[in-house]
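**Student:** Sequence:
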Amino acid sequence: MRRGTKVFISIYFMVICLIVNAFSTLIALLFEDGVVDAIPAIDIMSHDEGHTEHNERQVIPRIIHQTYINDSIPAQWVPSQRPCLDLHPDYEYKLWTDSLSREFIWKEYTWFLETFDSYPFPIQRADAIRYFVLDHYGGIYLDLDDGCARRLDVMLEYPAWLRRTLPTGISNDAMGSVPHHPFFKRVIESLENYASNYGMPYITVMSSTGPHFLSIIWKQYMSVARPLKDHVLVLMPPEYRNNEWSIFYIATGNSWHGKDAQAILWLGKYWLLLTFSGFAVAGVVFAVTCWAWTTWIVTRRRDKNALGHILLPRRECLNRIA
55 MRRGTKVFIS IYFMVICLIV NAFSTLIALL FEDGVVDAIP AIDIMSHDEG
105 HTEHNERQVI PRIIHQTYIN DSIPAQWVPS QRPCLDLHPD YEYKLWTDSL
155 SREFIWKEYT WFLETFDSYP FPIQRADAIR YFVLDHYGGI YLDLDDGCAR
205 RLDVMLEYPA WLRRTLPTGI SNDAMGSVPH HPFFKRVIES LENYASNYGM
255 PYITVMSSTG PHFLSIIWKQ YMSVARPLKD HVLVLMPPEY RNNEWSIFYI
305 ATGNSWHGKD AQAILWLGKY WLLLTFSGFA VAGVVFAVTC WAWTTWIVTR
355 RRDKNALGHI LLPRRECLNR IA
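Read in order, the letters of the sequence shown correspond to residues 55 to 376 in our numbering.
Just so you know, these hints were derived from the structure itself, not from any lab.
Since the model is a prediction, treat every value here as computed from it, not as a measurement.
Ideal Cβ positions, reconstructed from N, Cα and C, are used throughout, including at glycine.
Treat the hints with caution; some may be incorrect.
As the list claims (entries may be wrong) - Straight-line alpha carbon distances no greater than 27 Å define the calculated BS3-like cross-link-like pairs of lysine-lysine that follow:
1) K239 - K273
2) K273 - K161
3) K273 - K283
4) K148 - K161
5) K283 - K148
6) K239 - K161
Claimed, not checked - Have a look at the derived ranges for each label pair, beta carbon to beta carbon:
7) T349 - R280: 30 to 36 Å
8) Y252 - S126: 17 to 23 Å
9) M254 - T349: 35 to 41 Å
10) V338 - I304: 38 to 44 Å
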């Protein structure tokens with residue numbers, strides 16, 4: 055193999071390695087199912103709200119946090135919000151409106167106010183505030199379309215928890231934490247570094263403050279060995295909804311999604327096929343590029359040889375004349 059070809063292949067693979075390294079966390083998420091830290095289904099099924107032993111194990115404060123533009127909750131979300139209030143008269147309820155959210159950031163996390171104000175989409179501020187209030191107060195955060203199918207007491211027994219979503223990663227629509235848990239501390243400290251505009255609203259929101267962002271931080275956080283109290287447990291889909299023992303049910307939501315979201319969600323549905331297709335395309339591109347490079351080298355060498363055959367007789371003639 056010629057030196058030039060070796061250099062070309064080395065550079066090509068170096069670029070591939072850099073790309074893979076840059077997206078290593080995302081690639082790892084494709085194969086992360088969260089089972090290692092899953093909340094046991096038996097814990098959810100067998101929980102007795104009135105049992106003293108269960109009450110003694112509760113570590114998360116009895117606070118429910120939700121967010122909206124103002125105090126006027128749309129009619130479509132009242133059927134999911136109301137059961138959460140009715141089932142928990144002994145819980146404190148905090149509705150974080152846009153004005154209250156900004157005031158809270160200004161008072162408690164002044165260092166983040168500039169980034170908070172700079173977000174181009176309101177949903178980014180709605181995403182961000184949930185991380186900060188869980189860090190500050192602790193409690194359980196729920197999106198307005200997350201209805202409570204039963205009391206949340208069992209979810210107070212784990213210092214921090216998130217829910218598994220499909221096809222990969224975790225979501226930020228239902229979360230719980232004690233105050234100042236190291237995971238949520240890391241989340242809020244990472245927000246500034248991810249505050250970028252990616253051109254499409256859906257991708258920008260998901261990658262800067264939404265589930266995509268949170269999944270990356272979660273995967274990074276899990277990669278380091280930690281004491282049991284600092285673990286983040288995962289509520290799996292069967293315990294989340296669609297079963298008689300599930301904690302939640304889902305109403306109509308996600309009103310901020312646009313046409314770009316439909317395309318991204320379609321891609322997510324077929325992520326495995328698209329991943330293999332991507333590698334196949336990369337292989338074809340590599341093969342075609344190698345063929346083109348080799349052809350160019352051979353042609354160039356042939357042209358040089360042909361030129362040498364033309365010039366050689368001329369040199370011999372000149373030598374004889376001399």
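**Student:** Which earlier hints turn out false for this structure, listed by number in ascending order?
**Tutor:** 2, 7 and 8
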